[in-house]
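Residue numbers (our numbering), protein chains in the order written: chain A, 2 to 289; chain B, 153 to 441.
If you're looking for bench data, these hints aren't it; they were derived computationally from the structure.
Careful, some of the hints might be misleading.
[What the hints assert, rightly or not] From the structure, some residues in chain A lie toward chain B, with a derived Cβ separation under 7 Å: (1) A114; (2) F117; (3) D268.
Glycine residues also receive a C-beta, built at the ideal position from the N, C-alpha and C atoms.
Read off the chains here:
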Amino acid sequence: MGIIPQIIANSIIAGAIYALIALGFNLIYRTTKFFNLAHGALTVVGGYAMFFLYKELGWNVYASAVLAIVFAGFVGYILDKAIFRQLRLRKASQMVFLVASLGLLTVIQAIIAILFTSQFQTLANNSTESRVYTIAGGIITQTQAIILICGIVVLALLTLMLKKTMFGRAVNAVSDDEEVSKMVGIHTDKIIGWVFFIGSAIAGLSGILVGFDTGLEPTMGMHLLLKGVIAAIIGGVGTMHGAFAGAFLLGFAENFGVWQFSGEWKDAIAFIILIIFLLFRPQGIFKK
Amino acid sequence: MPYLIHIAILFFIYAILGVGLNLIVGYAGLLSVTHAAFYGIGAYATAVALAHYGLGFFASVILGIVITAIVSLLAGMVLSKFKDDYYALASFGFNVIAFSIFLNWESVTKGPLGIPGIDRPSLFGFTFSANETFLALAVVLFGAVYALAHFIANSSFGRVLKAIREDEKALEVFGYKVAYFKLAIFVIGAAMASIAGSLFASYITYIDPSSFSLNESIFILAIVIMGGLGSLRGTLAGALFLILLPEILRFVGLPTDIAAQMRQIIYGAILVLLMLYRPKGFIGEYEVK
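Same shape as in the complex, but just chain A (with noise of 0.2 Å):
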């Protein structure tokens, strides 16, 4: 007994983690139609970001945060003004996209590793060791329940915008028809730029978080927008609840398949549930 309250908190965390990375993905997916990789260096680019301004140049933990959010948002927009639009002004197919996002994936993520060399390293300071709560017997670190508020608010921020402001309708004119959106007089190139600002920044935050909590890695993009497009996919492509309810649903099978079998065998466990979704339940949890 003792055990499963700590792993469902493990659970929990691990969800919040893929839960970020999801909505990220899930609200470029949306709008653009394809699976856009390169999200997962937007994480890298944001964890560094940190680390360079947190712990080399020594700033303040807030201002190096909110900046290093930004750059993340301001890369992806980059990325797609300087690449995507010209894919899509070419009318590219989904595997172009696929092919090209891939390859900015390895560019940046080994630029990181030029710059920052490939060594594991952690956000985290010794001196100021965080808090640990315990809840109903499982131990969360201060870190661990920021990422798990994180991941609310970014889910209720992202659902207000959407079905709240204009920009958000907006969104979903452009993720229902990008064309008839544009005859409407939505200016669709500059949304889609907001959005990967947006998604991009999202995935920055991720970047930060996993930075506290574990430890940043260049190669960690990979690997966790793998994550991240997992859970998208068995919530649901395109709605934001899915991709929460997915994560936390690839967190606990994660979690307590790590329990009965090994640690090396998460990754492994994690594409066996894709796969049986995609086999027998393509549409996800939930049905956009």
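Got chain A; can you put chain B on it based on the hints?
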């Protein structure tokens, strides 16, 4: 000179991998990113057969091909349910699962420690222990794979595959069982990767799971896309370029670890630029689509 022979052997191993993957991606239009899994199965088949069971190299090649054929048939059947980007993503999944098995099935693969002391191949009492003779063996196996791929590409089977890639619906209307054709080429391409794996294991004489990760599959895919889909000569050019690239970077004076990252940057950037300006690859016949 020994250094050049080493590079040449690596080139032929990657050329075999690329040719096999080009049949799958280029001819059949299936964006498979799981080639390293089959490469790994071949390598482990040879490693285990030689190191533990004392089987001959050539018997282990056959063993690897048989296991790979069975695994790739099953994987291909599951993958055939998916299209386009979902196909690619599910194929990532197979690579990750295969990698986890290499890493965790310790009683067979020795897990992360890997299998050392794999013998060089021998035939009728002659051992290919010197790199020169090993190169000759690599050339012969490569020649056989290339000839088979060339034959398939120009056979009626190959023409049906090309037609499927152009217009799958039309072929179905004509009564072709499209799924069988795709499955067949997937298994053939995978078996070629297994041969490359056997060569790799007995050349390096040590293997561990890290050589068969998802990144390796992406690297092989880069060789194929760079050279050009549906062009076997293009694949050779792509393999030559990507194998020589880190050596050139080292030659220019970059330290080894930076050279490795520079290679990633250059091939990633080339993929992006090709997608923007030349989706056919260097000398390809068809665009990525």
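These are the hints, each one checked on the structure:
no.: 1; hint: A114; in the structure: holds (5 Å)
no.: 2; hint: F117; in the structure: violated (11 Å)
no.: 3; hint: D268; in the structure: holds (5 Å)
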